[in-house]
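Visitor: Protein sequences appear in the order of chains W and D.
Using this note's numbering, you'd call the opening residue of the first sequence number 1 and step up by one each time.
Using this note's numbering, you'd call the opening residue of the second sequence number 1001 and step up by one each time.
These are calculated hints, taken from the structure and not from any lab test.
Straight line, CA to CA, 20 Å or less: simulated EDC-like cross-link-like pairs of lysine to aspartate or glutamate: (1) K1003(D) / E68(W); (2) K1033(D) / E1103(D); (3) K70(W) / D1218(D); (4) K1066(D) / D1218(D); (5) K1066(D) / D1133(D); (6) K1007(D) / D61(W); (7) K1136(D) / D1218(D); (8) K1219(D) / D61(W); (9) K1080(D) / D1218(D); (10) K1033(D) / D1185(D); (11) K63(W) / D1218(D); (12) K1219(D) / E68(W); (13) K1219(D) / D69(W); (14) K1066(D) / D1135(D); (15) K1139(D) / D1068(D); (16) K1003(D) / D61(W); (17) K1080(D) / D61(W); (18) K1219(D) / D1068(D); (19) K38(W) / E1034(D); (20) K1025(D) / D1185(D); (21) K65(W) / D1218(D); (22) K1003(D) / D69(W); (23) K1007(D) / E68(W); (24) K1219(D) / D1133(D).
Just so we're clear, the structure is a prediction, and the values are computed from it rather than from any experiment.
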Amino acid sequence: MRNRIHYLLLLLAGIILSTQTFAQENLAAETPMRSNGKIYVVLAICITILLGLFIYLLSIDRKIKQIEDKQ
Amino acid sequence: MRKSWWKILAAVLLIYTFTAGFLIKVPLIGNLKETIRNLFFHVPMWFGQIILLTTSLVYSILYLRKPDLRRDIYASCFAKTGILMGILGLITGAIWATYTWGEPWSNDPKQIGVAIALLIYFAYLVLRNAITDIDKRAKISAVYNIFAYFIYLPLIMILPRLVESLHPGGKGVEGNPGLNGADLDATMRLVFWPAVIGWTLLGTWITTLNIRIYLIRDKNLLNAK
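All chains should be built: construct the whole structure from the sequences, respecting the hints.
Guide: The following block contains the structure:
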């Protein structure tokens, strides 16, 4: 378990580092969808939906776990 | 939460996909324009869907090797999540097509192939519900599932390559129907493949929830064996 968490942290670090390089390229990019700067609103909404779904899945998971423990 | 690390991984990878998928710079190709970003959402979900259906196939084969009702539950739950993702993939594909091919349904061979395949998998669900004898149901649906999978793969992988297709990889077009090498540059790959893993893990999570419910519901049957 501990090892796996280490791998996960490593992966996270890698992902964060790679987004850094994306961010640098972003400065030069000026495409129609982003030119007004409001694409971040869409991103925020999509992330919210995604998080909501994950939290819901988590709660279902917990409920099933409770029932399993009662068995 | 049971064995939680891969569930966290699923969340991390998908949040990363969504963030990077919206924000990175993408090559502008033809009339795709910004919709090429669908390669981070629509396409990896299809990849995950195929992986889920393949898992379902494996459990069906395992069931036929050794009839254990658990394997039947596993196979059916993986197929159900695969069907759900297939429906979502068909809808998102139609939305994408509206803005790039001009209409939601242009009788593209891959669209037709997937529609037929989904109907075959719907029949799988109907078939399961139609048989009341649980052992018979498990055996017949395992055989049907194997049949369905080997119809499904040619319909979406082989036939679209043999004829002219709007999807990449049709006749006379270079590349793979799923991901055209030239369309996907190095940074896009860094988002695409984590997305595939993320969607697969999310699908697996949903599937395991369903499996656990069935295992509890049918525990008397399972223990009787």
